[in-house]
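Participant: Residues per chain, in single letters:
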Amino acid sequence: MNGAGWRERWRDYWRPREIIDTSPVVADEVKPTTCYMCAGRCGIKVHLKNGSIRYIEGNKAHPVNRGVICGKGAAGIMQHYSPAKLRKPLLRVGERGSGEFREIEWDEALATGVEWLSRIRADDPKKLAFFTGRDQSQSLTGFWATQFGTPNFAAHGGFCSVNMAAAGMYTLGGSFWEFGEPDWEHAKLVLMFGVAEDHDSNPIKIHLSAMKRRGAKSISINPVRTGYSAIADEWIGIRPGTDGLLALSLVHELLRTDRIDLDYLARYTNAAWLVIQAPGEAEDGLFARDGDGNPLVLDRRGNPANALAADAALRMIGEARLADGRKATPVFQLIAERYLEAQYAPEAVAATCGVPAARIRDLAAELGHVAFDEAIELAVPWTDWAGRRHETMLGRPVGMHAMRGISAHSNGFQTCRALHLLQLLLGTIDVPGGWRYKAPHPKPCPPGPKPAGKPGQVEAGKPLGGAPLGYPMGPDDLIVDTEGNPQRIDKAFSWEAPIAAHGLMHMVVHNAWVGDPYKIDTLFMYMANMAWNSAMNTAETMRMLTDKEPDGSYKIPRIIYSDAFYSEMVAYADLILPDTTYLERWDAISILDRPIGSPNGPCDSIRQPVLAPDRDVRPFQDVLIELGARLGLPAFVNPDGAPRYPGGYRDYLTYHERAPGVGPLAGWRGQDGASHGKGAPNPDQLQRYIDNGCFWKLELAPEQRYFKHANRAYLENAVALGLIGNPEPIVLQLYVEPLQRFRLAGQGHGAVQPPERLRARIATHFDPLPIWYPPFEGARVDTEAFPLNAVTQRPMPMYHSWHSHNAWLRQIFGANRLFINRVTANSLGLQDDDWVWVSSHSGRIKAQLKLMDGVNPQTVWTWNAIGKRSGAWNLGQGSPEFSRGFLLNHLIAETLPGDAAAAEGNADPITGQAAWYDLRVRVERAPVEEAAESAPHFAPLARPPSLIRVPEILRYGNQFR
Amino acid sequence: MTDLPIPAPGGKKLGLVIDLDVCVGCHACATACKEWNSGGHSAPLPDFSPYGEGAWGVWFNRVHSFEEGDGVGARTVHFPRSCLHCEDAACVTVCPTGASYKRAEDGIVLVNAEICIGCKLCSWACPYGAREFDEDAGVMKKCTLCIDRIYNDNLVEDERVPACVMVCPTSARHFGDLGDPNSAVAEMVAVRGGKDLMPELGYRPVNKYLPPRHLHGENLAAAAAAAAVRRPEPAAAAGAGDNRLLRWVDRLLSR
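Protein sequences, first through last, are from chains A and B.
All residue numbers for the first sequence refer to this note's numbering, where the first residue is 287 and numbers rise by one.
All residue numbers for the second sequence refer to this note's numbering, where the first residue is 247 and numbers rise by one.
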């Protein structure tokens, strides 16, 4: 038989060519909006076909993600069509925590809310605690709280990254992540500290890869070698909580080897400012000032002179004799004296950090080498604040980025300050190749405004006398009464957390339950899973939410909650206001809050409804505005009492003015849309955003792109745009005087005094120059009993608890393991897949082990928020999130071990940031007879009436065939 | 049992080049692939028990993470895995019905669902585990290289690439004609020493993997050597206490 001929005939007979439509129409409509699968705010284009989502892609024109999309963003379809979506307002009928509700109409829901809230407002507005989670409408929610009159408002920053935000704002007038980023384009070396696979999601990925392609180098300093650390050119597996000590050792080395940019320090920082040296006196450690309040420097002849004068000649070393006879020393001299001390030498810190001394010395040498020997110069002339023209822009190409691994420690504020000190000594702030501000930053430094909420600023039936969150400049700005007692339910801006710039959401449930500093009436929350992964001490938090007074009433009398999904927190609320998905509402990434600004110019953005809700839910922002109108909050009603924004958030975004010409969105203002930054409301503004892909971006001229803190053209432009109030240069604060004011109070000076139990805590930690101290928990517990650090990371394809109900993402991470160093495990007799009990001073959990090499030997870690409460999120029985997933939160206490009566918060003593990365544990093999499942477990939550039944097979996409 | 096409001289070999040097394991390629293909040529890509125990679904692209090496030279590798569109594709030759086939014009390996009998021989034959059986429809499915994107006149030209390539945040994925030595992807493979996956099996995969450029250990050694050269030891620094400040005393600076 002729084989070939037979085969061909056979093939042609059996295999008619498959007809493939290689050019299908992919969508009948494409709508741009902004992603919300994490806080990264990437631009997306949603492709719709026959009324459902065909696919979601990145918007190539968008300044944040430039067309890419991440593992979460591309799974947005499954978020939108999730069966965990709430479908109708709910009123609790069973016990709190049971999940038993009845459905109600919106009229009843709103009337109920108004009844509860109006009584509070008429009586004592602070009895409302309004806290929002990872929502991006804080310029609205904060404004609403102010109008309501309660100081008890904050979002999730207190357990996220307030340490970084506050340290940055007091030092630089900007901060890592949201208010600044490495100069990815020009940096030759980028250091990443504690970047736990999280923010800034896509930009970091885009730029790390581009850096590698052009031969630049990245070094990741992180206890765990995954994600970004995996592709870093070098990985330094530091012990958690010791980054600040490493940074100060690098400072030591740079000073020792004289690898510092003294000219930069003189021009742009307070390095030469004179600090009063009068130990024991009330002004010790404050800046020496002249009669007009100007800080002073040592001039050419060694006399005090105005530090703010242009061309002031100044010295960095020396001693001044002030007019009143007191001595004063330049900041730089204090820095040099302190950090040249042997305690910061690499040999002295190596064991604590888990980084060899030689490695530290080499890293310092490399920093100095790149900053000074490989300096770059952009041929871009610019003019500084004093009118002096510079022909080029000199750059020190060392960029830095830091994130949660720095922030979530009790030494996080000072650690972040240490990183900024390092950046400043190298002269790398807002220079080519260094670290750049994202507009609208830099802001004046130290920052403003101050928080409101003092006694007298809270009045029945009236708005609060200012915004509830702000930046205290000293003890006088604390929100305390004359006895020094906290006035906010979270005790923010009290002696327990003086610079709590983002509030302390993590303390609200605890304090409201105790009734300390007072009882509240209603806890109103949005998008914050406080009954599960957003709380420390989760089991106790659930108990507090359900605990009752002797008369049978709940200790926290009322809880209103808004969420789009059946999260654990829903079961613990009394009234549920179901929210939409991110594809069903208007939203603004507002210039008044935390916009998507880029180093090359200000940007902000919106979400638009891409689809109409198919169930009886409303966007939370619309609901809040309607509640505001029904409550008669002044800014939400017209003089005749009619709602000021009858079209809800859409109207608010368009017509609200915070100051004349300044609204939530900066683009296309003015009646004709020709103004940017400031301008009258433009009725077509939102359409202009949509036409532009739902974002606004203003490119700064090249001469304005660096040295923004001292760049005349930039500063004047920023004033014109309404980003800052005046064009004065922003002097970067190596030495932070407001911290010294608190410290002086701790030492007994001044009228506003800390309580005795906190006096030493204040006096020790409010050092105006960066310090390092061991994380509190490790310093308080028996480290032989709890020898290991325990931290979490967020997996790149998941974001907190948001994604366990996402049919695709939960296939990637349906259960988490406890990762441990192989050598450490071997020494403990533990093996891969072992079930272990993990104990801390306050609790224990059971988890399954996974051995790895790329983790610091003294550290165990896991993925964050994978474990779920049975019954939540509309997941079926036996789901791995319940049976094998687990939370570390159960091991983390709100307070430090010790005397319960005088309990100190498990928090940074400066900002109150939750110190959930301070956790210390021990790991022991679970008895083999125990079930192979995680612990603890809680009774399954009931299923609310309206949740849809989940399909056994999901055939998404069949409709497009 | 099914023939591979006789390669045309100069014929296209479309495929992917995946750069392991920059892959951070974010799974964007995996979910973007799932998203596009759920509604695309092979729609749907079903998910079984999607909200319960034992959830699993059809994915054309999966990412694996593992560690490699020991000590300072060790690294974490993120490894995306999908059909390699082999030149000697055993999954094709093993197919009893001709459903599994390799296109002559561009080398893409596809399954004709109309005549697939779901016998799974191809998935047994594929050493890369790249085939995905749709139990719901009873047919085998797999990466199509987004055949409904790459020739799609309804997309703008620069979007006519597979979904995984379009989304990759680290640009770790590249698409092109590996049969054309002048193509960008072929040059990338030549310059970076692109590798076949398990070449010893002889299936001649079209897709290539670019190896990580550096190991941490090598870099550390290089950095240490460079640091030794650049580490300055200024004389003034040797002093103790206040003497160390002397070198800055006479520095007169201006604001």
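One or more hints might be untrue.
[Said to hold, decoys possible] Here are a few chain A residues that face chain B, going by a calculated C-beta distance under 7 Å:
id: 1; residue: V354
id: 2; residue: W470
id: 3; residue: G934
id: 4; residue: V1005
id: 5; residue: A1006
id: 6; residue: R1080
id: 7; residue: A1179
id: 8; residue: P1183
id: 9; residue: R1247
The hints are simulated quantities; they were obtained by calculation from the structure and are not laboratory data.
Note that the structure is a prediction, hence the values are computed from the model and not measured.
Where a beta carbon is used, it is the ideal one built from N, C-alpha and C, also for glycine.
Participant: A separate judgement is required for each hint: does it hold in the structure or not?
Facilitator: Okay, the hints, checked on the actual structure:
1. V354: holds, 4 Å
2. W470: Since chain B brings no Cβ nearer than about 13 Å to A/W470, farther than 7 Å, the hint is violated.
3. G934: Since chain B brings no Cβ nearer than about 31 Å to A/G934, farther than 7 Å, the hint is violated.
4. V1005: This hint is violated: A/V1005 lies away from chain B, its Cβ roughly 21 Å from the closest one there, beyond 7 Å.
5. A1006: With Cβ-Cβ at 25 Å, over 7 Å, it is violated.
6. R1080: violated, 12 Å
7. A1179: It is violated, given that the least Cβ distance between A/A1179 and chain B is near 32 Å, above 7 Å.
8. P1183: violated, 35 Å
9. R1247: holds, 5 Å
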